[in-house]
Amino acid sequence: MENSSTAVVTDERKKVRKQVMVSAALIALLLLVLIPVASSNPDGLERVAGDLSAGEGQPVWGGLLPGYGFPVGNAWLGTFLAGMIGVLIVFVAMFLVAKLIMLRRISR
Amino acid sequence: MHIPDGFLDLSVIVATYALAAIFWVIASIKTKRALGEKEVPLLSIMTAGVFAAQLINFPIIGGTSGHLIGGTLIAILFGPYAAVVSMTVILVIQAFVFGDGGVTALGANVFNMGVVAVFSGYLIYKGIASGATKGKRVLFASFVAAYMSVVLGALACGLEIGVSSNFPYGVNVTVPLMVLWHLVIGVGEGLITLLVLASLLRSRPELLSSEAGK
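For the record, the sequence lines run as chains A and B.
Here our numbering runs 1 ahead of the position in the first sequence, where the first position is 1.
Here our numbering runs 28 ahead of the position in the second sequence, where the first position is 1.
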């Protein structure tokens with residue numbers, strides 16, 4: 002009984018792990034294909050600010066990899082690497098934040 | 029729609045940080061109750077996917093571009109409270125790691141894209157889908173909800189920069205301009221949300237029925 006329930010959990014885990022891996026591969030593929038064709042035009046807010054000559058001023062904090070550029074000498078590769086680093090950080094951060102939120106439930 | 033440093037007045041910064049914080053606390057408490065343990069990896073990869081999608085600007089008319097916000101998509105799949113947490117994680121990392129969106133404007137950006145866009149999108153989706161978990165009605169609902177979430181997020185953004193004296197124009201100028209551009213950009217949000225949802229539903233038709241209670 003205990004063995005079979007453990008097996009079910011493991012199966013479920015494997016399935017979820019596979020879904021996550023497939024999704025991660027899909028994200029990487031989409032970034033590879035779409036980064037070169039992405040528009041570099043200003044977005045809605047940047048356009049409005051530009052039209053109204055509103056200066057952005059000095060950022061209070063510029064970020065570790067400003068403008069999603071990883072300094073590798075090639076803009077496309079740099080954006081891809083920065084993007085994938087971001088994907089990894091966001092995944093881990095979301096996972097940890099969710100686990101932390103859930104932890105309080107379990108401990109109560 | 030990421031507001032940079034320098035556009036908002038201190039009063040707006042404080043107010044939006046406070047609002048965002050209140051919603052974040054409520055959302056984390058609700059997420060604790062509503063989110064299943066096995067949903068955590070899927071929510072995490074979906075959040076990472078939305079982050080990646082936000083990198084890709086699509087061109088619209090007149091030399092302007094837009095990109096996905098993704099709040100409605102996550103809210104439809106995991107519920108609005110998990111979506112608030114998810115959007116906050118994305119926006120915090122964008123601001124601190126990539127310098128996208130000012131650190132002083134983080135509260136406003138979380139409020140616009142993580143609260144206004146998420147809840148408006150979710151409520152509009154629920155209203156139109158009215159219990160449907162598959163088929164054309166769901167896809168239509170997702171398009172309209174995602175579209176409107178961008179327009180309403182832009183409206184909030186326009187209000188915040190418009191009432192700030194650091195921004196050279198008032199709400200009478202900023203709100204119409206922000207809304208007008210995002211009436212076009214929203215089409216992209218609607219289409220991407222619809223397409224992602226359609227492909228997820230094709231591989232997992234039961235996806236939304238298990239989320240019915242959220």
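Honestly, the hints are just simulated from the structure, not real lab data.
Please note: incorrect hints may appear among the correct ones.
Straight-line alpha carbon distances no greater than 30 Å define the calculated DSS-like cross-link-like pairs of lysine-lysine that follow [what the hints assert, rightly or not]: (1) B/Lys66 / A/Lys19; (2) B/Lys164 / A/Lys100; (3) B/Lys60 / A/Lys16.
Simulated DEER-style distance windows between Cβ atoms [as the list claims (entries may be wrong)]: (4) A/Ala76 / B/Pro204: 21 to 27 Å; (5) A/Leu104 / B/Gly163: 34 to 40 Å; (6) B/Pro87 / A/Pro72: 37 to 43 Å; (7) B/Val212 / A/Ala76: 44 to 50 Å.
Keep in mind it's a predicted model, so treat the numbers as computed, not measured.
Cβ coordinates follow ideal geometry from the N, Cα and C atoms, glycine included.
Hints versus structure:
1. B/Lys66 / A/Lys19: holds, 13 Å
2. B/Lys164 / A/Lys100: violated, 35 Å
3. B/Lys60 / A/Lys16: holds, 23 Å
4. A/Ala76 / B/Pro204: 21 to 27 Å: violated, 35 Å
5. A/Leu104 / B/Gly163: 34 to 40 Å: Taking Cβ atoms as reference, A/Leu104 and B/Gly163 lie about 38 Å apart, which means the hint holds.
6. B/Pro87 / A/Pro72: 37 to 43 Å: Since the Cβ atoms of B/Pro87 and A/Pro72 sit about 27 Å apart, the hinted range of 37 to 43 Å is violated.
7. B/Val212 / A/Ala76: 44 to 50 Å: violated, 27 Å
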